[in-house]
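These are the residues of each chain, in order.
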Amino acid sequence: MKTQETTSRPDNTAFTQQRLPAWQPVLSAGIVIPGFLFIGLAFIGIGIGLFITSQSIQVLERDYTGTGSSSACSNCVSSNISCFCQLNFSLSALFPGPVFFYYGLSNYYQNVRKYGVSRDDEQLWGDVSKSPCSTCGPYQYSQNMTIAPCGAIANSMFNDSFTLYQLVNMTKKTVPLDGKGIAWWTDYSIKFRNPTEVYGSLAAAFNGTVKPVNWAKPVYDLDPSNPANNGFLNQDFLVWMRTAALPDFWKLYRRINAGDYVSGLPAGNYTLEIQYNYPVADFGRKSVIFTNVAWMGARNSFLGIAYLVMGFLCVVMSMVMLIVYAKFNTPGEDS
Amino acid sequence: MGLRVNSQGGGTARPLESEGAFVADLPRLRPDEPCISPPQLRSIMAVRTSDGLYEVLGGGVWQEKPRASALVWRNRPPSRRRDDTFPKTAACSRMTVPKDMAEKWLWMLMPWRGCRNPRNKDPGQEEERHVKANDRDYNEKFPYADNRIRTSKYNVLTFLPINLFEQFQRVANAYFLFLLILQLIPQISSLSWFTTIVPLVLVLTITAVKDATDDYFRHKSDQQVNTRQSQVLIGGKLQNEKWMNVCVGDIIKLENNQFVAADLLLLSSSEPYGLCYIETAELDGETNLKVRQALTVTSELGMDMSKLTEFDGEVVCEPPNNKLDRFVGTLYWKDNRYPLDNEKLLLRGCMLRNTEWCFGMVIFAGPQTKLMQNCGRTAFKRTSIERLMNTLVLWIFGFLLCMGIILAIGNSIWEQKVGRNFRDYLVWEDVLTTSVFSGFLTFWSYIIILNTVVPISLYVSVEVIRLGHSYFINWDRKMYYGRRDMPAEARTTTLNEELGQVEYIFSDKTGTLTQNIMVFNKCSINGRTYGDIYDEFGHKVEISEKTPCVDFSFNPLRDRKFRFYDHSLVEAIKLGDPMVEEFFRLLALCHTVMSEEKNEGELVYQAQSPDEGALVTAARNFGFVFRARTPETITLYEMGKHVTYQLLAILDFNNVRKRMSVIVRNQTGQIKLYSKGADTILFDRLDPANDDLMYTTSEHLNEFAGEGLRTLALAYKDLDEKYFADWMKRHHIASTILENREDLLSSLYEEIEQDMMLLGATAIEDKLQEGVPETIACLTLASIKIWVLTGDKLETAMNIGYSCNMLRDDMNEVFIITGHTVLEVQQQLRRAKELILGAGRGAANGGKDAEKMDRYRDDSVFEETITSEYALIINGHSLAHALEADLECLLLDTACLCKTVVCCRVTPLQKAQVVELVKRYKRAVTLAIGDGANDVSMIKTAHIGVGISGQEGMQAVLASDYSFAQFRYLQRLLLVHGRWSYYRMCRFLCYFFYKNFAFTLVHFWFGFFCGFSAQTVYDQWFITLFNIVYTSLPVLAMGLFDQDVNEQNSLRQPKLFEPGQLNLLFNKRQFFMCTLQGIYTSCVLFFIPYGAFSNPVRDDGSQIADQQSFAVTIATSLIIVVSVQIGLDTNYWTAVNHFYIWGSLTVYFAILFAMHSDGIFSIFPSHFPFVGTARNSLTQTSVWLVILLTTVVCVMPVVAIRFLRTDLYPTLTDKVRHMQQASRKQRPQEQNLKRVRRTSSRRSAYAFSHQEGYGELITSGKNIKAASSFSAPPTGRIPGSSSWIESLLKKRNEMASSTVVEPLRSNTEREGAENTPAQQHID
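Read top to bottom, the protein sequences are chains D and X.
Numbering-wise (this note's numbering), the first sequence opens with residue 1227 and increments by one.
Numbering-wise (this note's numbering), the second sequence opens with residue 4 and increments by one.
I should point out that these hints are in silico values taken from the structure, not numbers from a laboratory.
Incorrect hints may have been included.
To be verified - Derived pair list, reagent style EDC-like, types lysine to aspartate or glutamate, alpha-carbon separation capped at 16 Å:
| no. | chain 1 | residue 1 | chain 2 | residue 2 |
| --- | --- | --- | --- | --- |
| 1 | D | Lys1406 | X | Asp1103 |
| 2 | X | Lys1071 | X | Glu389 |
| 3 | X | Lys902 | X | Glu773 |
| 4 | X | Lys720 | X | Asp690 |
| 5 | X | Lys481 | D | Asp1508 |
| 6 | X | Lys720 | X | Glu585 |
| 7 | X | Lys661 | X | Asp687 |
| 8 | X | Lys420 | D | Asp1508 |
Stated by the list, open to error - Cβ-Cβ distance ranges computed for the label pairs, FRET-style:
| no. | chain 1 | residue 1 | chain 2 | residue 2 | range |
| --- | --- | --- | --- | --- | --- |
| 9 | X | Arg1072 | D | Thr1242 | 20 to 26 Å |
| 10 | X | Val1150 | D | Ala1493 | 53 to 59 Å |
| 11 | D | Arg1235 | X | Thr216 | 34 to 40 Å |
| 12 | D | Ser1415 | X | Thr216 | 48 to 54 Å |
| 13 | X | Leu180 | D | Arg1235 | 44 to 50 Å |
| 14 | D | Ala1240 | X | Trp1145 | 16 to 22 Å |
Even for Gly, the Cβ is constructed at its ideal location relative to N, Cα and C.
Build the full structure now, drawing on both the sequences and the hints.
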């Protein structure tokens, strides 16, 4: 009888009989309490590290919107044409380098959906002959010609420019600003591409297109000083096209890492000459920021504090759990 | 152990293959199939029609029995009018009460589940059917269905359109289609179309594949049935035709053991008088044979082909319907009219038995046959979790709308206050004219973005999990019954988690709790007991499989399956002890069993009740073989020689007499009366000389009864020739007069059955199925209330109640409700309730005032405080009253206060009503378990129907949601599979809602920082893949494999089942908690990166505060957080879980880097704008620090709360888990539940079926076949044969004229008869 084959007898496998070998972790006191303690201590450690690092980072931020009492460039706020203004600051000690020079915009909604989609990635990839995609919104065509680069993002590109001078013995000494490689390498080499040059001329490659309506110069002429830094591969353009996630943001303008300033900005007085083009006074503010960075990036005490708080909470929690555990005993003891 | 006779009479059982083959004929019940069609509803609900008949699906059962009993004489005149027997209105009017609103709503929500089966409708509303025999041309004028059945829904061409149409009727799918359309509108399209279409197509494909597979199997089974062969009379010749080519009006020939191909009018048969025998097991579950008789005029056609070909009768009859027991029609032939009724109809699904051949004319074919009209479509059952789930999805819709509105308002305000100043850089498009309109568009944009809170994959995942659980049930070897090669089967895949919430079990008795096998276990002969065996020290030996049984090989005619262990009885026989011989002679003579001897020595007994069969088989093995009978003789093969007794009279059994006797003349010419019956009855009629023996026998009887055996006393009497002749004469006169016949006869019987000599007593075990008491004990511990609903007698039911430990002697009180009127029933119920409440109050409240008690009256909490144990037993008659509208609450209250409830003599309708009552008022999950056709209604009514694939046919199994072979598997089904399913489903749902909230709500928070512009936080591809790729498999694995407690502990700790009953693991509160957790997580997920990203730069000074880095950081945190969370939720990490969890994380990073890679960007530059983001952001320590912090902040509180909860308020599950953990290292010891031995002093004394016997049928000789009596002396003529037929016909006419009264009356009669003794018994 035993050997007789019964066809419908279910297979005796661990799977069908739900006997698969398994690891059955239990949140036992032996794991949870030390775990909390360990994580708590680790977090406190990280938090202290972060906090100290963050505190050691120097930041110099100057608002130059032109409105309000503390702001420079008040002369330029109401001017419609390009306007120059100056921003002076002094350093009492060496601002350790490498120093990074950012511009910051606040209350600027690069993350509004319609703004964020208003670009044509295929065009930016070098295909200027195609008609720009519809999301480019009202900045698709101008004078019956394709706008290159199309879309609201490009159209609203930040176009203030800065020159930094150190006042040495009453003379202005230009601080060299390095604009190379301020954008992501991937943007520069993969995501953006200039159209193929025609007879070595980038301008010819952009034939049949017009500049964005807000722009003063066409895209192939963004940086007259450096012919290689033009077209879609202009570093400032690349930086601008990487839209910010939040309404207050910084964008890298230049690095200060050459000449006498490799080790930072020495103590002294500085003047920043600003070509004030970009109107933001209606909705927000703009500023310039000099900072140095550490392994964790720019100065941000949030992360350090958050780690400290969390670490502290974990330690407290482990204590509470220990007390509860000691007092109320293990489950299952009474059964 | 003893003699085993199966209820089918020892072996005429249908061959199993054919049963299996036939199953395919009945369309399988599937959850996704259209549910109740209107006629179906009628039959399920079993409404009483205007003429007072109860119509029940498979209701043949209830109708047939009374009718059968009408064939034999009635001893009691109808005593009561049916008006006071059955409530007139209440029971039915309640059945039409509309289902509760939730149910209704769901029908609207998922109309594809609804009823849509045009095939069931009669084309053109047929009002009357005209069928002409042998005239296809004539019949083709009518749109009658042919004999092809089609249960499949699609064919190759129609599959796609129909299936898609069905799927889009599902609200969830339609919703996503709507979203898809929204996404195509550029102004509001916040997400690309592919985010919706990819999951939608996936979901549709999975469902379509499942539907296609189902339908393929339906096609196959249809094909198999449709191509069966049958012999059709075409052009004067019999030709083989496929079933599907048989037409209405055809004459077909059936042979023995063939299935009837369509509903036929019986024309002629091989048996005399145009009789033929059919077995209707597939139709109504009854295994006994039924007789059908052709009209005399048509039976004369015989098998004469030419005559049959010339037959051109026309049948005018009722249109197709689903009433198995009714048929009205007229045959017009040769200018004569012949009335036709159900007795002349062979229904599709029956099997021809004991009849060589018969001819029939097809009346209904294919889908119009009564079988097809009746079967298949069950009400679609939905689990309470699913109902809750649907409600919650609605809530989520509401929540979604709220969020949309909030964000839309936010957008209007933002545009007004901030956005207008920003228009230098972001120009409004032409269509945008006001900020309000912008808000309106934003609303739709946000509906698109936030749609993921209503997860598209939820329904599919739930289906997949349920399917998996169903397979686990099918695969469970511990629910596989080897003896019949029967694995458990989950016939519906949608109810698994409901199994973990069952609170009430309604069980049938016969075939479910018991095996319906009677075993001759012990006997007491002449003051000595046989049956127990003792070892050398005189200790009783427990009988086991290994105990050597008595060798009956001396007897060539023995039944090989019979087992008996006590050798002394055989020795006594061999020694020729006269009393022992007389004892077995009595057993061999005094019965109404029919024998059939197919081959020499191969005896098959057809017993009316299994008890009788057991006794006759016992006598057979001990050398007194009942071999054959004719109306006048009984032939025995007594210890090796043939002895023929002349049968002079059968004094048949009925409920008042509780005994039966035969009077025979043996070969020496002596006249003897042999009697067997209930001891109480028989002891009163003994000769006083028997007093001593009576005393000892009585002691033995007590002993037997204590072991739960059914006992009978046996006695004989020598009759004086002269006295007998006189008696016989009076008997003859009495049996011919018309008035008071029954009374006269019974007084005659009473007279002759006096001064008998006691022989002894028999003890028969009504074998419980294996493990029934243990199962019941275990289920009771799991707080499941078990009600037994049986069609059986009160006594039997109680006896079984005791033997399976549901009733115990130590119970405080067993209430027996046997009132005849509403008032009596009410009084009895009220008394019982007051008694319980009074005692309960005394115990619990220390006797506080009655006001308080009133307050508690409906309070279920109060039930808990009752510590004493009570039982309620109510018979069908009282139940009919108690189920009336004004008493049902009282009944329910009282019944729920009792530990055990037994309802006996209940009709199938009442079974359903009781279930419905509990379902309606207790809001508890009910499970009905049964094996017979009479359980179908309750199986369909209960939330979960379980069919025992037993001996009573397949009807119950076909109607059921789960089926297996043994009652004891119920324990495993509920406590292991049900509990796990419920647990898994709850954990799955909790996690699923949590996951989607955590995922989606980040957009809500982001809305406040992006000008409410419906900007997405994540990459669109991430949104597309999150639910279907990144997080689907780990949670599926958890839903399929997780075990909080292993199966041994699930069974050992039945209390673990309670959370399911109380609905603790997933309810609105739990849902609220998990959505709260989701909201918290989304908050953390957004605001920690928000804080960290206020001015983040890379360590080379370039920025990472951009949208894309932000998206990648949050997405990665989310994936890690939900993976950690599923890890925490998974209690049982199998290799599959490991693979899926780690695999999902790996896949996430793989896809992330792939989609951010140069290669894919250069192919589709516009679709993968995230190029380079992953490598620029995920290489930064600060980003990882953000992810780490986010994960810990999300997970730690959950861990802490869980730890503290298990520490402070450990549930039983936690404790068991803890124990399990502790004992993992040691070997878990097996602590089997000790078998509960019962001790009882109750005695049950009868061994007859509830019907009157076949006495008249035997003496008339009509049912004796020539073939089976070859060993008997030729009788020459069959006395009274014609008169029997006449009386049969007369009776039938009588019955026809009083059809309405008949079944009810005989029903009442039996009850009336049984009430008194039963009550005495209890008192």
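Original post:
Which numbered hints does this structure break?
Top reply: Result: hints 3, 5, 9 and 11 break, sorted rising.
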